[in-house]
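Just need the whole structure built from these sequences, with the hints factored in.
Protein chains in written order, with our numbering: chain A, 802 to 921; chain B, 8 to 114.
Rather than coming from a laboratory, the hints here were simulated on the basis of the structure.
Hints are supplied without guarantee of correctness; some may be wrong.
What the hints assert, rightly or not - Listed below are the simulated DSS-like cross-link pairs for lysine-lysine, each with C-alpha atoms no more than 27 Å apart in a straight line:
1) Lys-844(A) x Lys-52(B)
2) Lys-844(A) x Lys-111(B)
3) Lys-888(A) x Lys-814(A)
4) Lys-888(A) x Lys-844(A)
5) Lys-111(B) x Lys-52(B)
6) Lys-824(A) x Lys-814(A)
7) Lys-844(A) x Lys-49(B)
8) Lys-814(A) x Lys-52(B)
9) Lys-111(B) x Lys-46(B)
10) Lys-824(A) x Lys-888(A)
11) Lys-111(B) x Lys-49(B)
12) Lys-813(A) x Lys-111(B)
13) Lys-814(A) x Lys-844(A)
14) Lys-52(B) x Lys-824(A)
15) Lys-824(A) x Lys-46(B)
16) Lys-813(A) x Lys-824(A)
17) Lys-844(A) x Lys-824(A)
18) Lys-844(A) x Lys-813(A)
19) Lys-49(B) x Lys-888(A)
20) Lys-844(A) x Lys-46(B)
21) Lys-49(B) x Lys-824(A)
22) Lys-888(A) x Lys-813(A)
Unchecked claim - Far from chain A, by Cβ distances over 10 Å, these chain B residues were calculated:
23) Pro-15
24) Ser-21
25) Asp-24
26) Gln-34
27) Ser-70
28) Thr-79
29) Thr-81
30) Gln-86
Said to hold, decoys possible - Among chain A residues calculated to face chain B with C-beta under 8 Å, some are:
31) Lys-814
32) Leu-846
33) Glu-847
34) Ser-862
35) Phe-865
36) Pro-907
37) Leu-908
38) Trp-911
39) Gly-912
Since this is a predicted model, take the numbers as computed values, not measurements.
The C-beta atom is built at its ideal place from N, Cα and C for all residues, glycine as well.
Next come the chains, spelled out residue by residue.
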Amino acid sequence: EVQLVQSGAEVKKPGESLTISCKGSGYSFTNYWIGWVRQMPGKGLEWMGIIYPADSDTRYSPSFQGQVTISADRSISTAYLEWSSLKASDTAMYYCARPETGGYMPLDYWGQGTLVTVSS
Amino acid sequence: DIQMTQSPSSLSASVGDRVTITCRASQSIITFLNWYQQKPGKAPKLLIYAASSLQSGVPSRFSGSGSGTDFTLTISSLQPEDSATYYCQQSYTTLLFTFGPGTKVDI
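Put into structure tokens, the structure is as follows:
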């Protein structure tokens with residue numbers, strides 16, 4: 802069974818750093834892209850970026866380029882989303898999601914989400 | 008960037024009603040269009056991919072159609088468990104996906 806299991810909720814202060822994780826199981830982690838999606842409170846879904854664990858090829862949505870860092874450790878089948886200096890506006894639920902291989906790449910598996918709260 | 012719009016932003020319907028949600032892309036995306044359902048406090052769930060293909064395990068009352076810039080998600084007979092927010096998503100631009108703003112469906 803394919804599963805994406807994300808790390809737990811975080812409460813941080815502005816200016817702090819943070820890394821959240823997404824561990825894949827039940828499939829060949831290396832051979833599938835894995836992406837991140839932001840959902841701010843009461844708002845819609847926003848595509849942040851994506852990584853291919855086999856070679857760490859990473860693509861960012863222009864809105865998130867330079868704001869976050871996406872990485873992966875294929876040895877432990879885990880993808881990461883990192884902030885070096887959090888802002889209150891980073892408060893949101895963050896989901897990892899795996900696109901199916903092939904042309905249409907629908908996001909067929911999702912993590913359960915990690916709630917990040919940034920408040921002084 | 009490809010922009011996605013959805014209409015309506017919300018709707019209220021009764022059990023058994025036929026419900027239609029529209030999604031429009033700012034340029035042609037052929038059939039690179041997927042639909043998701045999200046219930047409160049839950050991760051989104053894939054319903055339809057490639058504009059009209061039903062994801063395994065999804066009830067057949069859900070269907071999708073369209074190509075180019077205009078797409079439709081239809082629920083043929085609304086059920087209580089269909090109360091959710093529905094999002095379209097384009098996957099035409101390789102690895103740079105975009106979601107629509109969502110349509111909230113109340114029963």
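Each hint, compared with the structure:
1. Simply put, Lys-844(A) and Lys-52(B) have alpha-carbon atoms about 17 Å apart, close enough for the 27 Å limit, and the pair holds.
2. Annotation: proposed proximity of Lys-844(A) to Lys-111(B) holds, straight-line Cα distance about 11 Å (limit 27 Å).
3. Pair hint Lys-888(A) plus Lys-814(A) holds up; C-alpha atoms about 8 Å apart against a cutoff of 27 Å.
4. The hinted pair formed by Lys-888(A) and Lys-844(A) meets the criterion: a straight-line CA distance of about 18 Å does not exceed 27 Å.
5. Pair hint Lys-111(B) plus Lys-52(B) holds up; C-alpha atoms about 15 Å apart against a cutoff of 27 Å.
6. Under the criterion of a C-alpha separation no larger than 27 Å, the hint pairing Lys-824(A) with Lys-814(A) is consistent with the structure, at around 25 Å.
7. Proximity of Lys-844(A) to Lys-49(B) is assessed by CA-CA distance (about 14 Å); at most 27 Å being required, the pair is judged to hold.
8. Restraint check: the Cα-Cα separation between Lys-814(A) and Lys-52(B) comes to about 32 Å, which exceeds 27 Å; the hinted pair is violated.
9. Distance restraint check for Lys-111(B) and Lys-46(B): the Cα-Cα separation of roughly 10 Å lies within the 27 Å cut-off, and the hinted pair is therefore satisfied.
10. Between the alpha carbons of Lys-824(A) and Lys-888(A) the distance comes to roughly 25 Å, so the proposed pair stays at or under 27 Å and holds.
11. For the given pair, Lys-111(B) sits about 14 Å from Lys-49(B) by alpha-carbon distance, which is consistent with the 27 Å threshold.
12. Restraint check for Lys-813(A) and Lys-111(B): not satisfied, since their Cα atoms lie roughly 31 Å apart, outside the 27 Å limit.
13. Distance check on the hinted pair: Lys-814(A) and Lys-844(A) sit about 22 Å apart at the alpha-carbon level, within 27 Å; holds.
14. Straight-line distance between C-alpha atoms of Lys-52(B) and Lys-824(A) comes to about 19 Å, which keeps the hinted pair within the 27 Å bound.
15. Taking the CA atoms of Lys-824(A) and Lys-46(B), the gap is near 23 Å; set against the 27 Å cutoff, the hint holds.
16. This hinted pair checks out: Lys-813(A) and Lys-824(A) have alpha carbons roughly 22 Å apart, not beyond 27 Å.
17. Restraint check for Lys-844(A) and Lys-824(A): satisfied, since their Cα atoms lie roughly 25 Å apart, inside the 27 Å limit.
18. Proposed proximity of Lys-844(A) and Lys-813(A) is supported: the alpha carbons are some 21 Å apart, at most 27 Å.
19. Between Lys-49(B) and Lys-888(A), the direct Cα distance comes to roughly 25 Å. Compliance with the 27 Å bound is thereby established for this hinted pair.
20. Only pairs whose Cα atoms come within 27 Å are accepted, and Lys-844(A) paired with Lys-46(B) is accepted, the gap being roughly 13 Å.
21. Among the hinted pairs, Lys-49(B) with Lys-824(A) is consistent with the structure: their alpha-carbon atoms are about 18 Å apart, no more than 27 Å.
22. Distance check on the hinted pair: Lys-888(A) and Lys-813(A) sit about 9 Å apart at the alpha-carbon level, within 27 Å; holds.
23. With a least beta-carbon separation of about 14 Å from chain A, Pro-15(B) lies farther than 10 Å from that chain, consistent with its non-interface assignment.
24. No Cβ of chain A approaches the Cβ of Ser-21(B) within 10 Å, the least distance being about 26 Å, so the stated non-interface status holds.
25. Every Cβ of chain A is farther than 10 Å from the Cβ of Asp-24(B); the closest lies at roughly 24 Å, confirming the non-interface assignment.
26. The beta carbon of Gln-34(B) is kept farther than 10 Å from every beta carbon of chain A, the shortest such distance being approximately 17 Å.
27. Here Ser-70(B) stays apart from chain A, with its beta-carbon at least about 16 Å from theirs, past the 10 Å limit.
28. Look at Thr-79(B): its CB is around 17 Å from the nearest CB on chain A, clear of 10 Å, so calling it non-interface holds up.
29. For Thr-81(B), the condition that its CB be more than 10 Å from all CB atoms of chain A holds, with the nearest at approximately 18 Å.
30. Listed as a non-interface residue, Gln-86(B) keeps its Cβ farther than 10 Å from every Cβ of chain A; the least gap is roughly 22 Å.
31. With a least beta-carbon distance of about 25 Å to chain B, the hint placing Lys-814(A) at the interface is violated under the 8 Å criterion.
32. Residue-level restraint check for Leu-846(A) holds (minimum Cβ-Cβ distance to chain B is 4 Å; threshold 8 Å).
33. Against a cut-off of 8 Å between C-beta atoms, the interface hint on Glu-847(A) holds, since the closest Cβ of chain B lies about 7 Å away.
34. Annotation: interface hint on Ser-862(A) holds; nearest CB of chain B at approximately 6 Å, less than 8 Å.
35. A distance limit of 8 Å between C-beta atoms decides the matter here; for Phe-865(A) the minimum to chain B is near 11 Å, and the interface restraint is violated.
36. At a threshold of 8 Å, the smallest CB-CB gap from Pro-907(A) to chain B is about 4 Å, leaving the interface hint in force.
37. A distance limit of 8 Å between C-beta atoms decides the matter here; for Leu-908(A) the minimum to chain B is near 6 Å, and the interface restraint holds.
38. Against a cut-off of 8 Å between C-beta atoms, the interface hint on Trp-911(A) holds, since the closest Cβ of chain B lies about 4 Å away.
39. With its C-beta approaching chain B no nearer than about 7 Å, Gly-912(A) sits inside the 8 Å limit, and its interface hint holds.
This entry does not satisfy hints 8, 12, 31 and 35, going by the numbered hints stated previously.
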